[in-house]
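Visitor: Here are the chains, one letter per residue:
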Amino acid sequence: MNEMVERLPWYRRVPDSVLWVLVLSPLLLVLFFFFLVPLGYLMERSLLPYVSGGLPSSGPYTLENYRAVFGDPWYWRLLGNSLWLGFMTTILSICIGYAVAFYLTRAGSWERTLISVACLLPVFVNVTVGILGWYILLLPFGVLQQLFSELGLMQGPLRWLRSLWTLTGVLVYEHLPFAILILVSSLQNVPEDKINAARLLGASAPRILTSIMIPLTMPGIVASAVLIFSLSVSSYLVPVLISGPRTPVIPISIFSFMSELVNWNMAGVLAFFLMLTVAAITYGFIALTSRLTRRGQWSVV
Amino acid sequence: MLGLRIFVYVVVALMLAPILISLPVALNSSNLIQFPPQSLSLKWFAAVFQDQQLMTTTTRSFGLALIAAALSVAISMPSAFIIERKTPSLRSLFETIVTSPRTIPQIVLVVGFLIYFERIGIYESLTGLVVAHLIVSIPFAYRTISVSVSSLDRRLEQSSAILGAGPMTTFLRITLPLMKTGTIAAFIFTFILSFNNVTIALFLAKLGEPTLPVEMFQRMYVGGMTPVIPAIAFTLAIVGAVLFIILDRTIGVFKYLGGGK
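Listed in order, the protein sequences are those of chains A and B.
Each residue of the first sequence is one higher than the last, beginning at 1 in my numbering.
Each residue of the second sequence is one higher than the last, beginning at 1 in my numbering.
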């Protein structure tokens with residue numbers, strides 16, 4: 001037995017566990033040192049007091065930055081804007097994406113490529129290309145908007161609402177590809193015979209949708225909702241280029257703290273705040289949907 | 001179904017609209033951004049290649065994306081393979097760990113990078129940019145290669161073993177070539193994601209050396225935008241569309257990008 005082992009080449013004599021550690025360690029080390037550690041620094045910086053000039057201070061840990069954020073209604077307004085954008089973008093993207101994904105599963109080869117190219121382009125091309133296009137498209141509307149407000153047909157609040165809806169539209173444009181990608185593979189896994197059976201039994205189209213398709217594609221819906229919410233809440237370019245100071249959101253504030261005001265402490269607080277909010281909502285959403293699924297109303301057909 | 005069809009094509013039109021509109025604006029002979037254009041001229045498309053700054057930033061973006069894609073594929077491939085083959089029970093856990101950078105808003109990551117890089121001295125350097133792109137691309141590369149490995153036909157490897165090839169030979173001559181498609185797909189997708197990434201480059205690049213998306217953004221935000229920007233935007237869109245069509249027809253985009261986040 002021992003002689004057999006000795007005749008094996010070196011890579012067969014090394015025990016498996018050592019091999020695994022060797023192979024997996026570069027990846028894990030990279031993730032640890034360049035992902036977890038920066039996040040740790042981020043949290044630490046948010047707890048340090050601000051030193052003018054933006055230099056890192058080694059002073060005592062303090063919560064004054066957090067107090068500045070939570071006590072100021074301005075930041076709650078930012079949060080409100082960000083969350084509103086997130087929810088609206090997610091809901092719209094999933095509704096539109098679901099319809100398009102459904103159509104794609106039943107489309108012919110070239111039609112499918114055509115629709116895919118159009119709908120997935122924002123991922124393959126720059127964010128700035130899409131924003132530029134929308135900016136140009138919205139310019140005439142911008143002019144119209146000013147005209148209306150001069151004639152007294154539009155007041156201040158209406159303009160603000162208009163602005164958020166515009167942002168939502170562009171954000172949906174940017175993130176629809178993700179919804180479609182995830183939902184297409186999810187819808188492809190719905191067995192056709194279940195739908196046919198339901199139709200034979202006389203179910204109407206809305207009924208088929210709610211009792212068969214949505215439950216079976218729920219994981220895909222949840223995955224794309226979570227992804228799009230996170231992406232749209234943290235979007236910086238779209239708000240700053242499309243509506244600028246009219247609709248302040250958290251990422252804009254983070255950017256200004258980082259580059260203009262060079263107050264990385266506050267930037268850290270806001271970034272951390274953003275991350276926790278997204279994580280909390282994501283977790284709540286997943287918990288909610290898994291509770292609904294387990295209640296038996298969504299039992300697989 | 002007709003209603004759905006009309007709806008889908010309306011969506012298609014809206015998705016194509018912003019890209020299509022950059023064409024007439026780019027063909028404008030005056031140097032203003034206006035629609036409809038006064039008179040048509042192709043000069044701005046020529047100007048794209050004459051604009052030193054644009055060409056430099058494009059090269060920079062290209063190089064950065066190349067390095068980031070190559071590194072992230074190189075680092076994810078062994079791990080994806082080992083996890084898929086040797087420990088399928090750990091797969092879920094490992095996949096969660098590896099894809100965790102993508103679950104955090106990118107801007108949060110970038111602030112963390114900024115603070116950390118300044119501490120260790122790679123702030124505003126190429127190394128910093130590459131590292132940041134790497135962290136953000138690895139989840140993607142890992143998952144794509146993982147999907148590819150799990151769909152390999154084990155029987156081919158078994159046949160090779162039955163016919164007398166040792167494990168190393170089987171691995172080098174059968175398994176690796178079979179993984180080629182998935183690896184190439186991972187590389188291309190990671191490349192595209194890195195090339196188009198704005199958030200990271202915006203915060204971490206040196207002030208005078210932006211990448212292409214950042215340069216475009218700055219001209220749009222700060223000012224100084226002439227129709228050369230819609231010209232390059234439209235060019236990028238055409239390149240992206242052609243690339244997508246080639247990929248979809250050969251590798252199949254949905255198969256690789258679709259599974260999950």
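Treat the hints as calculated values from the structure; they're not laboratory data.
Glycine included, each C-beta is placed from N, C-alpha and C at the ideal position.
Heads up, some of the hints might be wrong.
[What the hints assert, rightly or not] Covered by chain A, per the in silico footprint, the following chain B stretches (three or more residues, Cβ under 8 Å):
1) 17-31
2) 121-129
3) 170-184
[Said to hold, decoys possible] Estimated spans, in silico, between C-beta atoms of each pair:
4) A:S25 / B:F171: 19 to 25 Å
5) B:Y9 / A:S25: 17 to 23 Å
6) A:Y66 / B:R119: 20 to 26 Å
7) A:L19 / B:A17: 19 to 25 Å
8) A:R246 / B:A17: 21 to 27 Å
9) B:T181 / A:S25: 54 to 60 Å
10) B:G164 / A:M43: 56 to 62 Å
11) B:P167 / A:A197: 43 to 49 Å
Visitor: Between B:G164 and A:M43, does the C-beta distance stay in 56 to 62 Å?
Guide: holds (57 Å)
Visitor: CB of A:R246 to CB of B:A17, is that within 21 to 27 Å?
Guide: About 23 Å separates the Cβ atoms of A:R246 and B:A17, which means 21 to 27 Å holds.
Visitor: Could you tell me whether the CB distance from A:S25 to B:F171 stays inside 19 to 25 Å?
Guide: holds (20 Å)
Visitor: Quick check on a hinted range of 54 to 60 Å for B:T181 and A:S25, using CB atoms only.
Guide: violated (27 Å)
Visitor: Closer than 8 Å Cβ to Cβ for three or more residues is the test here. Does the stretch 121-129 of chain B pass it with chain A?
Guide: violated (count 0)
Visitor: Counting residues of the stretch 170-184 of chain B whose CB is closer than 8 Å to a CB in chain A, do you get three or more?
Guide: Coverage by chain A is violated for the stretch 170-184 of chain B (0 residues, Cβ < 8 Å).
Visitor: Quick check on a hinted range of 43 to 49 Å for B:P167 and A:A197, using CB atoms only.
Guide: holds (47 Å)
Visitor: Does the hinted range 20 to 26 Å hold for A:Y66 and B:R119 at CB?
Guide: holds (22 Å)
Visitor: Is it true that B:Y9 and A:S25 lie within 17 to 23 Å of each other by Cβ?
Guide: Distance hint for B:Y9, A:S25 is violated at roughly 51 Å.
Visitor: For the stretch 17-31 of chain B, does the count of residues with a C-beta closer than 8 Å to a C-beta of chain A reach 3?
Guide: holds (count 7)
Visitor: Taking the CB of A:L19 and the CB of B:A17, does the distance hold inside 19 to 25 Å?
Guide: Check failed, 54 Å falls outside 19 to 25 Å.
Hint check: violations occur at hints 2, 3, 5, 7, 9; the rest are consistent with the structure.
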